Amino acid sequence: MTLSFSTTACPKALLPEALQMAKTAGFSHIELFRTWTESSPVHPDISVRLVRDRLKEAGIALSGLNIRNITGRKSDSDERNLSYNLRQIEWDMLLSQALGLKSANTKGGAQTEEATADLIEGINTLLGRFPDFTLNLGNHHGNRLQGLSDFKAVMPHVNERAKVLIDTGHLLSVGENVLAFAEAFANRVGLVHVRDQKGETPVPFGQGDLPFKDLLGILKNAGYNGILVIELEKITWGEPAHACKMAREFVQNLLAS
Amino acid sequence: MTHLTPEDKSFFKTNGYLVKHNLISEQQLANALDVVWAHMNCDRANPQSWINAGPGFPPIGKDPAIRATLYETPVFDMVEELVGKNTLTNSTNPGPHFRFPTGETDWELPKHGHLDGYYTPTNGVPEGTVGRFHVGVTFYLNNVVHKGGGFTVWPGTHIQAAEYFKTHALLCFKGGDANQTFTMPQAVEITGPPGTACFWHGQLMHTGCKNSATEIRMAFITRFSRKDIKDHLFEFPDNIWTYYEGIQ
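Those protein sequence lines, which keep their order, are chains P and D. Heads up: the first sequence at position 62 corresponds to 62 in the numbering used here, and the numbers run straight through without jumps. Heads up: the second sequence at position 192 corresponds to 192 in the numbering used here, and the numbers run straight through without jumps.
Keep in mind that a hint or two might mislead.
[Stated by the list, open to error] Below 25 Å or equal to it, Euclidean Cα-Cα: the simulated SDA-like pairs (lysine to any residue) are:
1) D/K230 - P/H43
2) D/K166 - P/K198
3) D/K174 - P/W36
4) D/K166 - P/L62
5) P/K74 - D/K174
6) P/K56 - D/E163
7) P/K12 - D/K166
8) D/K166 - P/A58
9) D/K227 - P/D132
10) P/K198 - P/D132
11) P/K74 - D/T122
12) P/K12 - D/C172
13) D/K174 - P/K56
14) D/K230 - P/K198
15) P/K74 - D/E127
16) D/K147 - D/F57
Simulated from the structure, these hints should not be mistaken for lab results. Here the structure is a predicted model, which is why all the values come from computation and not from measurement.
The whole structure should be built from the sequences, with the hints applied where relevant.
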């Protein structure tokens, strides 16, 4: 498994600064967000071409991009309009491709039946349009894809190139059993976002509720050999780059043992 | 048979637009005008009724007589001469953009233009996306005179755009408003008799003038993209003509 730096550790940092932090913390890979962080590839003061150049200069590979959610609704009026929403997601998928990726990470909409139907139709439509592309569907507190039962309702109905993104932080936030979730979809995992928490509060790796060793064991047994994104957020326990380095080493040691 | 001269292409390359006249036959114009007038909320024989009438965007682009003005004339071939033979999608319909006489006499060249493809709450472009195309064509079905609502362009701004987007996100201009960022030259108002077409680069700043004349500006706008646009939607190479096979 390859460890990747998440810009959740430095949401206000522009891309060069975020890359520097990733490097300082000893990462060879980085994951970016379309929204939420200043290191976004659609930040006004950077082009896709410059993003590629900056990555190359830093010697860091882009491992993934978190794009907008398949909500089935217009973002400006909240009116139900799946085709409009899919045009937004398709644009983000093209952005991912322009950055050299063959996958992107997304989520669903509101916790409604309507949103479930739109999510399923949306995933299948998009993957039909992009034959060599994977969508990693992430769980998120309050989202249509929040926990095990939500994924059980969606995954059987979507294209096999739709994979599960296990986000441990959001599973812990809603009191979901991380190991049961991982077991249920072990053979369909596309990506893992690793964050340790005490309840809803992020903490240094190893000090929270996340059963790291068992989770990595499930992933190993299932033959998962992909990316583990080390996702630190709201770092209050030290200097961010150092905290990220410590978290990386913690997971690396577990993988080596 | 080619329609564009090396001088035409050179002008387009430098200025980002090119105007050609008499591209649509009288019969094609007559057929198209009949379709147009069947959808107007005013009296064809009474110019007084045209003032501030409508609609500005009647849904007639799919009509065979309207499509013929593009695909059964030299217009589409000329776009191909700029971008490349068989490189373009030809399913695009001409979109009517009519400007009705205002009944006013004051007039000045517009001070602000925009880039196309950007989201506004009403234009159908999804928020957080930018649509790109290679060549736009604005053609007139009737006589568009000075002060008559003519299509207006800012020459050379396509080169500024190409340079700017090498280092800035496509999304950086809200609503396509690059007026404060680009150095805006003197605007050029496009006028001409029926059958006049203005070919313009997909990233040229443009707008429409106020119509202080007596005729309706009967313009149709079509935006042509390469079939492979999705492969280079975010690309701004050093040679801005990389995706224009006719201009190298």
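These are the hints, each one checked on the structure:
1. D/K230 - P/H43: Satisfied, since the Cα-Cα distance of roughly 20 Å is no more than 25 Å.
2. D/K166 - P/K198: Not OK: D/K166 and P/K198 at ~44 Å, beyond 25 Å, violated.
3. D/K174 - P/W36: Holds: D/K174 and P/W36 sit about 18 Å apart, inside 25 Å.
4. D/K166 - P/L62: Holds. D/K166 to P/L62 sits at ~20 Å (cutoff 25 Å).
5. P/K74 - D/K174: 18 Å, holds
6. P/K56 - D/E163: With Cα atoms ~21 Å apart, P/K56 and D/E163 stay inside 25 Å; holds.
7. P/K12 - D/K166: 23 Å, holds
8. D/K166 - P/A58: Status holds; Cα separation ~19 Å.
9. D/K227 - P/D132: Holds, at about 18 Å.
10. P/K198 - P/D132: Not OK: P/K198 and P/D132 at ~39 Å, beyond 25 Å, violated.
11. P/K74 - D/T122: Holds, at roughly 12 Å.
12. P/K12 - D/C172: Status holds; Cα separation ~18 Å.
13. D/K174 - P/K56: Since the Cα atoms of D/K174 and P/K56 sit roughly 30 Å apart, the hinted pair is violated (cutoff 25 Å).
14. D/K230 - P/K198: Judged against 25 Å, a Cα distance of about 44 Å means the pair is violated.
15. P/K74 - D/E127: At roughly 8 Å apart (the allowed maximum being 25 Å), D/E127 and P/K74 satisfy the hint.
16. D/K147 - D/F57: 20 Å, holds
Of the numbered hints given earlier, the model fails hints 2, 10, 13 and 14; all others are met.
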